[in-house]
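> Residue numbers (the UniProt record's numbering), protein chains in the order written: chain A, 1 to 166; chain F, 1 to 260.
For the record, the hints were derived by calculation from the structure and aren't laboratory data.
Note that the Cβ used here is the ideal one computed from N, Cα and C, for glycine as well.
With a Cα cut of at most 16 Å, we get these calculated EDC-like pairs of lysine to aspartate or glutamate:
| hint | chain 1 | residue 1 | chain 2 | residue 2 |
| --- | --- | --- | --- | --- |
| 1 | A | K76 | A | D31 |
| 2 | A | K76 | F | E68 |
| 3 | F | K139 | A | E80 |
| 4 | A | K71 | A | D37 |
| 5 | F | K205 | F | E120 |
| 6 | A | K71 | A | E58 |
| 7 | F | K139 | A | D85 |
| 8 | A | K71 | A | E42 |
| 9 | A | K8 | A | D31 |
| 10 | A | K94 | A | E161 |
| 11 | F | K139 | F | E120 |
| 12 | A | K76 | F | E128 |
Far from chain A, by Cβ distances over 10 Å, these chain F residues were calculated:
| hint | residue |
| --- | --- |
| 13 | M1 |
| 14 | L3 |
| 15 | G73 |
| 16 | M228 |
Computed from the model, here is a short list of chain F residues facing chain A with C-beta under 10 Å:
| hint | residue |
| --- | --- |
| 17 | L42 |
| 18 | L53 |
| 19 | D54 |
| 20 | H58 |
| 21 | E128 |
| 22 | P129 |
| 23 | E140 |
| 24 | R146 |
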Amino acid sequence: MTPAEIRKALTEVRDPEIPVLNIVEMGIVRDVRLEGDTVHVEITPTYTGCPAMRTIEESIVQTLRGRGFQKVIVHKVFREPWTTDWMTDEAREKLRAYGIAPPPPRADDAPDLIPLPFSVARGPTVPCPFCGSEQTRQTSAFGSTACKALFFCEACRQPFEYFKAI
Amino acid sequence: MTLETLDAALRPALFEYLLRLGDDALILGHRLSEWCGHGPYLEEDIALANLALDCLGHAEALLTLAGEVEGRGRTADDLAFLRDAYDFRNVQMVELPRGDFAFTITRQFLFATYACLLYEALQQSAFEPLAGIAAKAHKEMRYHLRHSSEWMRCLGDGTDESHRRAQTALDELWMYTGELFEVDDTLRTLTEARIAPDMAALQPKWREQVEAVLREATLTVPEDPPYMATGGRRGHHTEHLGHLLAEMQFLQRAYPGAQW
Numbered sequence: 001m002t003p004a005e006i007r008k009a010l011t012e013v014r015d016p017e018i019p020v021l022n023i024v025e026m027g028i029v030r031d032v033r034l035e036g037d038t039v040h041v042e043i044t045p046t047y048t049g050c051p052a053m054r055t056i057e058e059s060i061v062q063t064l065r066g067r068g069f070q071k072v073i074v075h076k077v078f079r080e081p082w083t084t085d086w087m088t089d090e091a092r093e094k095l096r097a098y099g100i101a102p103p104p105p106r107a108d109d110a111p112d113l114i115p116l117p118f119s120v121a122r123g124p125t126v127p128c129p130f131c132g133s134e135q136t137r138q139t140s141a142f143g144s145t146a147c148k149a150l151f152f153c154e155a156c157r158q159p160f161e162y163f164k165a166i
Numbered sequence: 001m002t003l004e005t006l007d008a009a010l011r012p013a014l015f016e017y018l019l020r021l022g023d024d025a026l027i028l029g030h031r032l033s034e035w036c037g038h039g040p041y042l043e044e045d046i047a048l049a050n051l052a053l054d055c056l057g058h059a060e061a062l063l064t065l066a067g068e069v070e071g072r073g074r075t076a077d078d079l080a081f082l083r084d085a086y087d088f089r090n091v092q093m094v095e096l097p098r099g100d101f102a103f104t105i106t107r108q109f110l111f112a113t114y115a116c117l118l119y120e121a122l123q124q125s126a127f128e129p130l131a132g133i134a135a136k137a138h139k140e141m142r143y144h145l146r147h148s149s150e151w152m153r154c155l156g157d158g159t160d161e162s163h164r165r166a167q168t169a170l171d172e173l174w175m176y177t178g179e180l181f182e183v184d185d186t187l188r189t190l191t192e193a194r195i196a197p198d199m200a201a202l203q204p205k206w207r208e209q210v211e212a213v214l215r216e217a218t219l220t221v222p223e224d225p226p227y228m229a230t231g232g233r234r235g236h237h238t239e240h241l242g243h244l245l246a247e248m249q250f251l252q253r254a255y256p257g258a259q260w
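The shape of chain F in the complex, shown without the other chains (with noise of 0.2 Å):
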């Protein structure tokens, strides 16, 4: 189906699944965008840069086809810059503060592995528009797992300190996972119209293939806590989300309709 033929009833469900995948892809991108001009060298700062772009160009995409989707002329600029925290739809695990070089790559990894398997998956959406985008991201998604999968190597089979830092970024990270599969009614109505993948046949996967690069990283697959982080999806975030669009949106809201 197209933006023409969707089914008007799916229309809210679609626009909030929308939201939540431009939300992950847009906090995720804004983290990995603070490194510039911090990067441990300058390949890196180079390469983390590049992942930030890509990100942003996923939720350009995805977030201008949630404004048409949602049909009151919302672009994507609107959306990203002029929403307060309770309307974002990202996972807690994105905009977490980027931490050390360990935890921006044990996230990074973790997400990716994520992103791969969804995007992956998206491409036989019934929904046409995301199913294209799907075939783009994952495309280069797969390259940011590639990245990251080779790093948590260097890091958790590298020195003792680097080994440390990546075993505590896992840590501090685990508890964060459970959002990434979480389902609702959203997802469900969603599933049922086969415009979004059913996650718990994705979950399984995610975990082998984590737990296959952790392995080879000698580092210790963390137990699964009792509690695990949740709420991002209904727009109950952690602290840091509110810093972080205050210096993401601050140009927008001070100088409103600003352009260059």
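Just chain A, with the same shape it has in the complex (with noise of 0.2 Å):
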């Protein structure tokens, strides 16, 4: 197998947080290196705390095995950040599918966050993924995982998730 279709093999790990995406459409797989019979992958976690990293080690190792490969290293990388431009036009359209608002791009010149009036301070403009709806606002900053925030729908009155911009 070339590394080219290892990173296909590796499309088959989901994120068991979020099990409509995968973890490369996601951008989170950042190198797949072959050295002797030895798989090297490079992943970098979406947020430091995200519990899910280790189950994803874990899935990439097993899927790999399942491959023919016995010796898979997993190393976790941190520069660049993560960042949620790196994920891709169908992962975004999956996670609005889902029910998830996907975060739009990240805006280069993102002010700094002190100190910003209330008005600035509210967050962004999220497009209620049922209804489309622009007439939405968040509940809360933070949501059930550390990569997502809380948002109420004014039209169709439907809470949601939206997947925060970093």
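Please dock the two separately framed chains into a single complex, following the hints provided.
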């Protein structure tokens, strides 16, 4: 198998918290190298404390063992830090269909966070993943996982999660 | 420089420094996690647990690196669960009991402002693995800062009761802020090697940013006290750390090597 084929095999590894996405389309897989009979896979955490990372590492090893690689080493790299900009368009659409508002492209000139007046600090405009309305508001900057925030749609009266742009 | 090209003479100071950074994150994260199930309302309960998780993430990365720099095979878990209080290098501010919500938020605000400036500067560290962790942690700490500075305004510029509690917390915490910027031989060695930033340059920026938010929050910046609390970086802690460790380390002490 070539590194490209190994990368393809890694599309079978899902994020346990968001099972509609695989780790390649999320931009978590940074590099795949073959040295002799050892596969080195470099991954980057979405958040440093993401509890799904351990499960993802184990799934990578298991998946590649299934393809005949007995030696798989998973390296965690932090630089450059993961950004939602590495998520493919297809992944964003999958998120939306799953009921999670996908992250918009990150603004390069994102303002420093202090001191922000209240009006700016309220957060971005996020279209509802169910009805598309922009009449939504953030109910909490934090959600069920580190990567998400909670929103509410005033149009269809549906609470939903938003995948934060970082 | 990387782990392989690191000058052996720098290892003890760098190990010490990584413990300081990692222990700050670990102990603060533990204090935040104590709110789980006790937050003032559901969304804020979740928010505090999320902040705790980020802190634990930073602690794991920093203490893993500390173990690698030390070179004695100690893992992040060994360092977190098998050291006693006098081996911890966190500032005293983070070990203080969580207090009321205003106290937790005020500490979070003072610390996050410091951590944002520090991690921003550490991205330029000559020690590449640390610069990488700093780049990641900086992103997350900015989110923490946004959360806590919004809350400072809500509490300070809120009701009489919320204002009183925020001001009381600020007055109590102020004497613990000096330690964040203390410089000693360890730090001087690393600043010279361009691994750590010059803390004296960060302090005025911290002060400026903190004061800007406090002004908006209608809170009074406390007078600098004649005595600033100190000692955490040398292993001298308040009585509270031992109690915290008793809870945090109980399982590994009672059932050594337990895993799940």
